[in-house]
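Heads up: the protein sequence lines correspond to chains A and B, in order.
The first sequence: position 38 = 38 (this note's numbering), numbered continuously.
The second sequence: position 13 = 13 (this note's numbering), numbered continuously.
Worth flagging that the hints you see were computed from the coordinates, not collected in a lab.
Where hints are given, some of them may not hold.
Simulated DEER-style distance windows between Cβ atoms [unchecked claim]:
#, chain 1, residue 1, chain 2, residue 2, range
1, A, Leu68, B, Asn28, 24 to 32 Å
2, B, Met54, A, Arg52, 26 to 34 Å
3, A, Ile7, B, Asn28, 43 to 51 Å
4, A, Thr103, B, Met54, 42 to 50 Å
Even for Gly, the Cβ is constructed at its ideal location relative to N, Cα and C.
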Amino acid sequence: MSRSRQIYDALTSTMRIDPDEHSPITSSNRFTSLGYALAGWLYMLRRQKNTRLQALASVVVFVVALWLQIDAIGWALLVVTITIVWMAEFMNAAVEAVVNLATLELHPMAKVAKDVASAAVLLGVAASVIIGLLVLGPPLLQKLGI
Amino acid sequence: MAEKSANLFDKLVSDFNTLEESLTSTANIDPQAYSPKVNREYGSRLKYSLAGMMHMVVRHQTVRALSIWSLINIVAGIWVGIDLFKWALLVEAVGVMWVTEFMNTAVEATVNLVTSEFHPMAKVAKDVASAAVFVSVIIGFVASVLVLGPPIVAKLGG
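One chain only, chain A, in its complex shape (with noise of 0.2 Å):
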């Protein structure tokens, strides 16, 4: 077999598996896939104290940045940071859930997906730390008068 055709095939051999083939239920339209992402959502909500603590200093960053009238780029630097702590924390909580699934033992691979997906979210706090005192910061001392 040429080279080309190598590197062909092992690029489309993922394209080629059907995910419908393994799955146990497929989503019949996209309101139905809406319905379980809404479903997640209240999941999150309800079972992760993380999540609720989150949700507050979301409000809280938004009630700050009203308050300091910061400008268009400003607001949206802090959706994008908060988007993709939330984004993190969720992906965090479903490798949890399959981690779970898939053993019910302490496997080190289990220990290990599980720490590396909760340091990743830590990453993302910091950085979001990072964005919220970079934006928020200066306006605040102003406002403060210091």
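Using the hints, position chain B against chain A.
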């Protein structure tokens, strides 16, 4: 007519009930019932995060590449003297790379935990997660170049 609207109302109520049921069905699942280990102390999560961080630093060479790229961004940012919003953009661009890379490793670990066979869905999970890293690296790189490029060119040109 009244009967018809009553029927319609009943249908709406039952539709709403099914909708509510399907939306709250996930929230009604208690994750702790399915977890081998339940942590009540608050600081433990930070401990696990740091343990995961250590694992990445020791075992994964991509962390080195990410650190070097972050350092390049920081040094270049200090050198050309960008403003706070641009710093925030840089943190964003680099931060997304880190988060996606870590999530990719978490997915890899999960897949290896589930099966050591070459299952097609294992391939999909790993390949799609690493495609996410690829996308975040391209986007992050473009963002860094957009933020740092013009001031660097100005600095070198003048």
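Hint by hint, here is what the structure shows:
Between Leu68 of chain A and Asn28 of chain B the Cβ separation comes to about 40 Å, which falls outside the hinted range of 24 to 32 Å. Range check, Met54 of chain B to Arg52 of chain A: Cβ separation about 29 Å, and the 26 to 34 Å hint holds. Our hint of 43 to 51 Å for Ile7 of chain A and Asn28 of chain B holds, since their Cβ atoms are close to 48 Å apart. Hint check: Thr103 of chain A to Met54 of chain B, Cβ distance near 23 Å, so the stated range 42 to 50 Å is violated.
In this structure, the earlier hints numbered 1 and 4 are contradicted, and the remaining ones agree with it.
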